[in-house]
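Hints in hand, dock the two standalone chains.
Here is how the chains run, residue by residue.
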Amino acid sequence: MTMQRIKPHLPWITLLVLTAMVGVVDPNFLRPANLLSLAGDIVPLFIMALGLTFAIYIGGIDLSVQSMANMITVIASIYLASLGAWVAVLCIAAGFGLGMVSGFLTTRLCVPSFISTLAVGGVCFSIAQWLSGNRALNMDAEQRNAVFGWMIGHTGIVPNELFLAAALLALCLFIERRTILGRVLKAVGAGEPAAKASGIDVGRYKMLAFAISGALAAIAGLLFSVKLSGGAPTIANGFLLPAIVAVLVGGTPLTGGVGGVLNTLIGTLIVAVIRASMLYLGVEATQQQMLFGLVLIGAIALTIDRSKLRTVK
Amino acid sequence: MYQLSSVDKKFPGVHALKSIDFHIKRGEIVGLVGENGAGKSTLMKVIYGAYQPDGGQILIDGKPVHFANPRQAMKRGIGMVFQEQSLIPNLTVMENIFLGYEAQFTRLGVVNWKAMAAAAKKQLAKVKLEIDPATVTSALSFAQRQLVELAKVLTLEERIEGDLVILLDEPTSVLSEEEVKLLFKLVRELTSRASFIFVSHRMDEVMALSDRIYVMKDGQVMDVVAKADADASAIQHKMVGRHVDREYYREQRQKPYDASRTLFEMRDIVLPGRPHKLDLALHPGEVLCLVGTEGSGREAILRTIYGMLAPVSGRFEMKGQELRNFNPRRSVAMGVGYVPRERKVEGIVSGMNVYENITLSQLGRYSRAGVIDVAREKALARDWIRKLSIKAHSEFADCGNLSGGNQQKVVLSKWRSGGSDIMLLDHPTRGLDIGAKEDVYDMIRDMSDDGVGIVLVADTLEEAIGLSHTIVVLKDGAIRQRFDCRPGAKPSLYDLLHHMI
Chain A
1 MTMQRIKPHL PWITLLVLTA MVGVVDPNFL RPANLLSLAG DIVPLFIMAL
51 GLTFAIYIGG IDLSVQSMAN MITVIASIYL ASLGAWVAVL CIAAGFGLGM
101 VSGFLTTRLC VPSFISTLAV GGVCFSIAQW LSGNRALNMD AEQRNAVFGW
151 MIGHTGIVPN ELFLAAALLA LCLFIERRTI LGRVLKAVGA GEPAAKASGI
201 DVGRYKMLAF AISGALAAIA GLLFSVKLSG GAPTIANGFL LPAIVAVLVG
251 GTPLTGGVGG VLNTLIGTLI VAVIRASMLY LGVEATQQQM LFGLVLIGAI
301 ALTIDRSKLR TVK
Chain B
314 MYQLSSVDKK FPGVHALKSI DFHIKRGEIV GLVGENGAGK STLMKVIYGA
364 YQPDGGQILI DGKPVHFANP RQAMKRGIGM VFQEQSLIPN LTVMENIFLG
414 YEAQFTRLGV VNWKAMAAAA KKQLAKVKLE IDPATVTSAL SFAQRQLVEL
464 AKVLTLEERI EGDLVILLDE PTSVLSEEEV KLLFKLVREL TSRASFIFVS
514 HRMDEVMALS DRIYVMKDGQ VMDVVAKADA DASAIQHKMV GRHVDREYYR
564 EQRQKPYDAS RTLFEMRDIV LPGRPHKLDL ALHPGEVLCL VGTEGSGREA
614 ILRTIYGMLA PVSGRFEMKG QELRNFNPRR SVAMGVGYVP RERKVEGIVS
664 GMNVYENITL SQLGRYSRAG VIDVAREKAL ARDWIRKLSI KAHSEFADCG
714 NLSGGNQQKV VLSKWRSGGS DIMLLDHPTR GLDIGAKEDV YDMIRDMSDD
764 GVGIVLVADT LEEAIGLSHT IVVLKDGAIR QRFDCRPGAK PSLYDLLHHM
814 I
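Protein chains in written order, with this note's numbering: chain A, 1 to 313; chain B, 314 to 814.
Be aware that one or more of the hints could be misleading.
[Claimed, not checked] The calculated lysine-lysine pairs, modelled on DSSO-like cross-linking and capped at a C-alpha distance of 30 Å, are:
(1) B:K632 x A:K196
(2) A:K196 x B:K657
(3) B:K540 x B:K498
(4) B:K691 x A:K196
(5) B:K551 x B:K498
(6) B:K530 x B:K358
Treat the hints as calculated values from the structure; they're not laboratory data.
Chain B with its partners taken away, still in its complex shape (with noise of 0.2 Å):
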């Protein structure tokens, strides 16, 4: 029905997509899967007309077209339901579903918002979302954004003849476990009205809901695995052209942390907006984990640490003293690290180089009477970009530049070369490739030898069980329950999710 044939696309210096052949059957689910940089993005820019490919042709009922802008796929048919969500939050559900074709209920000028209302519900009928589609959409929470920009694509059923594909791209990324479910049993269903084709960096997920699924590799499509045939170890193996085994979390490197010490220690703090106490401490050497939805107070406990956020009660010990007042610059002279989870925004200054991000923690460490000593700085940052292998030309390369992977080294050796002994990672590895994510791995058992405590906020239950020596279950802000994750004893999957939902 809808089909790629032999497509390519060069940008300058990158050959994205290299002769791609693509179909997708009437009420195929069609699982793209690739590691960052692997050509996933640009084949779905090129599937919803948001870029022209440079050769091949897309071939709809066999029947060359061509799109010059995704309104013009959006008359054949192709819709894109975006990771970052394009609904206006200031605006009703039936308003954004609407957006830009409100004529059909408007009568010079004026909107009938009875008509379009009851329009709004039909389409929400079909994502089985039963809200008020005059509710304004900041109201609602994420999953329920997701399924009405869903329903938004779906108008495109009555408004055009002919077949229905829709692209989700990583839809399931900010959703619970419930509420994945519940999305793959909904798209499923609708499989009667469209076809989907499905991006995902969840290897489990794609399996699950994917009827076929096309692994790519460096703008190839490596190959074109069934349902029947999926094996999540060899779709990874032609994702990154090696294996990935248990060693994949470094368990061989995890050794006991020093439990006759300890970094900080909470004891019955209570947080702003939560009626619950908590309890947690960390010793040099430990990986804690945080495990929970979103939501359910990870970041808030992050936050807590990192002196962003004030408790409303209870005792707060950090390396024997007692804190009272809470800000970020008494936590990173007491040797905190924060690893944000917007590397870009959070984390590295892009347009500042190498040594200007590194010291930016540490200024005072590097001046004299607020002069700062650059040839110091400068032997710090090559000193680094030695000892973790970051690829940057030179300490002067600007940050903004550097790959995820890279970036997030310089963030790593911003405070560990500041001495920091209590690091706090959230999503340490969102978005790298499989590569730098081992490298991220490796680093932190680098850090549990050198006496390091860190916390931890994982992107992945595989990754917070693989790397933690301690995994703390959190809900609704609660701590629910506590497991040691010795090597060889770890807790299951199971074994966590049961305490999660």
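Chain A with its partners taken away, still in its complex shape (with noise of 0.2 Å):
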């Protein structure tokens, strides 16, 4: 009973023990510079963990968004000489477009979200290899500066790229709570069969949530790229996991109707103090997957709706 009411606020709990404990063991950490420098380096793991919690939030996965942030670096490197600020457009649309794949084998051909975002997770990474040839490849430097520089410098002391991830979890935030299709995608995770009986096309919805999870996945691999001046098929990799760990600490469990883009925000925080936290406690970042596994293990047994499976398999 008790824990049922504390569970909701659980998240930004944790934030602020976490916080705390790190600001005792070292005081500087606190320090608002620190603290938004922090939050600046995180930015695109919360883009992606933005687009993957409408995919949970539904009740599914996608497990593709890592492979489309490779492969989007390398297309952002490769076609910014010849299209210029066009190529985000480029990308935006590839990462929709390849989530409304996902959506369309997941509703339509009712192939399971954990292994058609892992099948087309798959032809991202693929097509990564094949447009770099392998290879890490290089924006020029200059052209990056005049088009999307913008994105990764500094107001004042708050890095650009937050107000990137402000306007991005406000239209998010928007979607979810005042338009028909995060009604529906609330309807869906939390009875679909309700939702279907109330005469919904559900499936179009749910292939709109892919597609969301996608083009956000997209913009992250963009970001990352103009930050590193580049792009690599393998470049993203430690994301994914980070990711699902940062919405499902945020409280949005995996199986769906509760929780949301707000959650996210506060379970990409959370993340972005463990990893501080390694750093001051000496983890070697090789071992750091290993923490983020043990969380989202632990994540997923706190806040997964036991209700709502019968069995697991």
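What follows is the structure, encoded as structure tokens:
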């Protein structure tokens, strides 16, 4: 009973406690400049997690986001020279389109989303390898600064990435809370049969959820390649696990229906603090994924709605 | 033989059982009736060991016993035949019967199937079921599965010493009249082997089968009635604390429907897998009731009207327009509303609040360019909470936490607020207590007054007769008979049964 009441508040309590703990170990950590740069660094992951939230919100999953971002870094690096700013449109369209493909496979051909997105992710990875010739690519620094420089500079002490993140969060929040799409996705996550019996063409909206996930993964990839001034088919590896952790730790369970993009904001910040704390505790980068794996399992076990699962296979 | 002495059970906020005294004699059939929430299922769970009482004693042959779980209760001869069947569909009948007790047929971990089949055959003979024990369970009819379940419980006879008490939880809810008769005959014969506790919503069945009837209300035993003294209306009076009279179905509010206009008309409609042609029409203000046993084709007709099933041939006109493609979206747009049987699965979305549920079928009407006007939604919800006196603390209440009757009101307001004038009601009163049922009956009459046409699949035949203007009796997918049901000139149960079976 009390656990039920506390549960929705667990994410931000966790965030505060973790931040305070790291702050006690190293008071420098709590300096605004440090916190801001920490937040700025996590933005690509945040954008990816934001999109992933939609897939998980309906009770599905999108495992293609990391490969999608990889592929986009390659596409952005190659076509920046010829397309200029239009490369952003190409990237987002590619993400949206491939997300639609995942959605089509899931809703129309009834392939479970963890398989359909895994397959689409495989396709993305392969496209990245093929386009790049399996090499790391560089952007022309001057052109990058001219076209996308606004993404990565600073305004005062605030990293510009944060404005982009805030804008996307506001857009996603609007979709979730105020649009038919958001309402239907909630109904699908909480009780799909009832949504169907209300005469809603559920499949269309589910496809859109995967498309949004793909599009945001593409934006994450684009930002990442701009930050690094280049791209490679494996450059974003290591994003998938933290992104899923961010969504689940934030309080959107794998079973869907509750939580949302604001939760993912908190979840991503938790991931950021965990990462930073590992730095202070001297945990090597190669060991980080171990911890994220453990946190993921813990988060799933805590958040999942077991009443919706009759058996797990 | 088996006895409960002032048993108490409390849950947070609920005193579920209040000092219950209960006993059953060897070979006796005891009925247990009460409204939803009266404490029947809690009492049963105490009896078969799923719950432990907070106070009082369980006595077997006068000696106190304690069950930590159902398995321990089984060792003392208490068996349960579940309403939601516990058989595993892809196992064979014999595997199901001896599930968890295979050791007696195994040597070095290898099962002797012949021995198991022979033993299973013996158990099946007890319930007079002549099937091959190697049949896969999913191939059996529902009634057969129920008997297998009973046979499974009867294996206790060989396994334990002492007497058996078998609980039957709503065993008749999905059986046809004929199957019910067979089951009752069997149970009476089996009283030489066991005592039975029989729980059912259907008063007539409880009265027909039981030697004594325990009437429960609010966690207490209100009365124990012997078969000879049983009187349906007296028992119902004790269950609800008031009389359930002939006004129950609101017959006095039944007005003639408008036969000059037609909401939909089916002509020579043939449904997939059924050879028969169906003709059916619905008029404004009419309650059209589809009557038949499970599998007689009632659901298929509802699903066709709702657009989930496309007919193979025939002509389907809705509001003067011939339908060519069938999908729920089109039906909803044409004013069809659907109150499904599985209220918690298809009716409401639990986890969403009242206004989100009410507008789910009409989001287009409460939005502009895909953006929802939440203020209007809330106003609408408040309006309907008041109109149907839905018991919810506000329009923000999670529908999953409402009681069954109030959930049904939310589903009805979803369609009514959208202006649906063809309502499909599939068992709209299933699982509701009597007060909530009466609310639903009132709402049906209100809808008729407003010129809504209703296609109803009722929970009981009495309900069908009481509510409808027209009854269509179905059997094996064909329309067998139509009855005109003017108040005062309604067909009897017998008239309907005659055509159903």
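Hints and how they fare:
no.: 1; hint: B:K632 x A:K196; result: holds (23 Å)
no.: 2; hint: A:K196 x B:K657; result: holds (13 Å)
no.: 3; hint: B:K540 x B:K498; result: holds (17 Å)
no.: 4; hint: B:K691 x A:K196; result: holds (22 Å)
no.: 5; hint: B:K551 x B:K498; result: holds (28 Å)
no.: 6; hint: B:K530 x B:K358; result: holds (17 Å)
Figure legend: structure checked against the earlier numbered hints; every hint is met.
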